[in-house]
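**Q** Chain by chain, the residues run as shown.
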Amino acid sequence: MPILGADMEAGTLVAWRIRPGDHVRRGEIVAEVETEKGLIDIEIFVSGVIERILVQPGEKVPVGTVLAVIQDEGALGAVPAGPAAVPAASVTPTAVGPVPGPAPTAPGLAPAALSSGRLRISPAARKLAGELGMDPAVVSGTGPDGAITREDVEQAAAQRGLAPSAAPTTPGPVAVDRQAQLRQTIGAVLARSKREIPHYYLATPIDLHRASDWLGVQNAQRAVPARLLPGVLFIKAVALALREVPELNARWSDGRVEPSPAIHVGVAISLRAGGLVAPALHDADRTPLDELMANLRDLVKRTRAGTLRSSELSDPTITVTSLGDQGVESVFGIIYPPQVAIVGFGKIVERPWVVGGQVVPRPIVTVTLSADHRVTDGHRGGLFLAAVERFLQEPARL
Amino acid sequence: MTTDELRATVLRVLGEIAPEAELTRLHPEQSLRDQVDLDSMDFLNFVIGLHHTLGVDIPESDYPKLATLEGCVQYLAALDGVRNKESAR
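Sequences listed follow chains A and B, in order. So for the first sequence, our numbering puts the first residue at 1; every next one is plus one. So for the second sequence, our numbering puts the first residue at 1001; every next one is plus one.
One thing to keep in mind: the hints can contain errors.
[Said to hold, decoys possible] Some chain B residues judged to face chain A by a derived CB distance under 7 Å, without partners named:
1) Glu1016
2) Asp1039
3) Ser1040
4) Met1041
5) Val1047
6) His1051
7) Leu1054
8) Asp1057
9) Asp1062
[What the hints assert, rightly or not] Residues from chain A that keep clear of chain B, each with C-beta distances beyond 10 Å, as calculated:
10) Gly58
11) Pro230
12) Lys301
13) Asp325
14) Gln326
15) Gly357
I should point out that these hints are in silico values taken from the structure, not numbers from a laboratory. Even for Gly, the Cβ is constructed at its ideal location relative to N, Cα and C.
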C-alpha cells in the first residue's frame, strides 16, 4: 500500500485491474485504492508479470503492506504497487503456491470487468456504493459499455439486503465519516508541520497588467475550450522560478534536504464537500502553457471526482495555493511535509500604482511564500519571488 | 429554444459541474458563484459546457452577464434570437 501523502496511514483496496499472469509495464494503473482523498489509481513502478495478489478488494491495510507479488526480469520479488518501496525481505519468500482465485462475490453478483481498464461507474453509483459500504467491483454494470449505474448499485444492494440512502443528495454516514477523517488527517499533518518546520513568510505585490492584457488578447482569439486562466500563468511562473532557486524545490527527509531533479507543482484544489487535496502537475516547468492548462483542467476534474493517480499524490515537490476566487488578497500557506515551501496567490485587484511618477490603475496580485528556514532563508526566498514577478512580466515566454 | 428549455439546459450544465448543489433552490437573480460556490475553473467549465451543449462561443467580456441564472437565460435567449434571425435570412 503506497503512501499517498504524509497524512496517509492506511488505504482500502477497492479493485484490481490486473490478474495473476498479466504482464504489466512501469506506470500502468494496476489497482484502485480508497483513501480520505478519494479513489486513487495506483500505478506500478516496475515492469514484469503479476505472480500473486495478496490483498483482496475490500481489505483495508496499513501503508507499506505488500499488495501483490510481481516477477521482475526472472527474479521473484515482492513489490508494492506504488511509490512507497517496501524491501523484498519484508515478505516471507514462500514457494509459489496455487494462485488464489478472484475475490469471492456475493451470490447473484457478477464481478465487473476490471482487466480491460478502469472500473466503469458513474459518480452517483460510486457515491452510493461508498455510502452503503459496498465494493463496486462486484456489481454488474448495465450502462453504456457495461458501466455501473446508480440503479445497478441499488439492485445489487437490494440483493444483499442493504438499504440505499433515502436522500441521495445528503451525505450518508460513511461520507460524513470520510469528511471528518479527511479534516482530522489534514489537521494532524499541518499541526506537525507548524510544530516541526520553522516557517518564514514573504509577500510581494505584482503588477499583472502585462499578463492580463496578454491573456485577454489570447482568450479573445481562442475557442472557449482552449482558453487560459490566470492561475495557469502563476503555476508556470512558479515552476520556471524554481529553476533559478532550486532549494525551494526539495524534500526534507531524515534531517536533511533532498533536492528534486524534477519540478512537480502540487496544486491545492478544494473538494466540493470540504477539505482539499494538492496533486501534482508533473514537469510543470517543461510543459507548454496550453498543455499545462489542459492538464490543470483534467486534474481539477479528477480530483473532485475522486479519481487521482498515485504518482499525482506522492510526487509534488512544492505546492501552489490560491484563494483569489474567494476574495482573499493574500494567503500564507502551511508547508505540506516533506515539501519545503508553499506559494500563495491572492485575488487580482485593481489598485493605484505609481509608474514613472504617475499614479495609474493596475491589476495587482499579492504573491506569498512560506518556506522552511532549515533549507532556505529570506534572501533566497526573496530572489524566488522576484523571479516569479519577472516571468509574469513576460507572459508570452511562459 | 424557449426560455424554459434554456433554463433547464443551464441547470443541467451547472449540475455537471456542481453535482451536490441544490439547483432547484437557486435564486434566479442572485449570484451563481455565491450560491453554487463556483471558482474560476468551474466557471470556465460552465462556459465550455454551454459551448458544447448550445454551440455558443461566449466572449470573456460577456461573462458578467452570466452572473445569475436569470442573466444566463436572458443572454442565451438573446443569442438564440440573433441566430434564428440570421438563419432566416
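**Q** Determine for every hint whether it applies to the structure shown.
**A** Going through the hints against the structure:
{"no.": "1", "hint": "Glu1016", "in the structure": "10 Å, violated"}
{"no.": "2", "hint": "Asp1039", "in the structure": "4 Å, holds"}
{"no.": "3", "hint": "Ser1040", "in the structure": "5 Å, holds"}
{"no.": "4", "hint": "Met1041", "in the structure": "5 Å, holds"}
{"no.": "5", "hint": "Val1047", "in the structure": "6 Å, holds"}
{"no.": "6", "hint": "His1051", "in the structure": "4 Å, holds"}
{"no.": "7", "hint": "Leu1054", "in the structure": "11 Å, violated"}
{"no.": "8", "hint": "Asp1057", "in the structure": "6 Å, holds"}
{"no.": "9", "hint": "Asp1062", "in the structure": "11 Å, violated"}
{"no.": "10", "hint": "Gly58", "in the structure": "26 Å, holds"}
{"no.": "11", "hint": "Pro230", "in the structure": "8 Å, violated"}
{"no.": "12", "hint": "Lys301", "in the structure": "8 Å, violated"}
{"no.": "13", "hint": "Asp325", "in the structure": "4 Å, violated"}
{"no.": "14", "hint": "Gln326", "in the structure": "8 Å, violated"}
{"no.": "15", "hint": "Gly357", "in the structure": "32 Å, holds"}
In the structure shown, a violation is registered for the earlier hints numbered 1, 7, 9, 11, 12, 13, 14, in ascending order.
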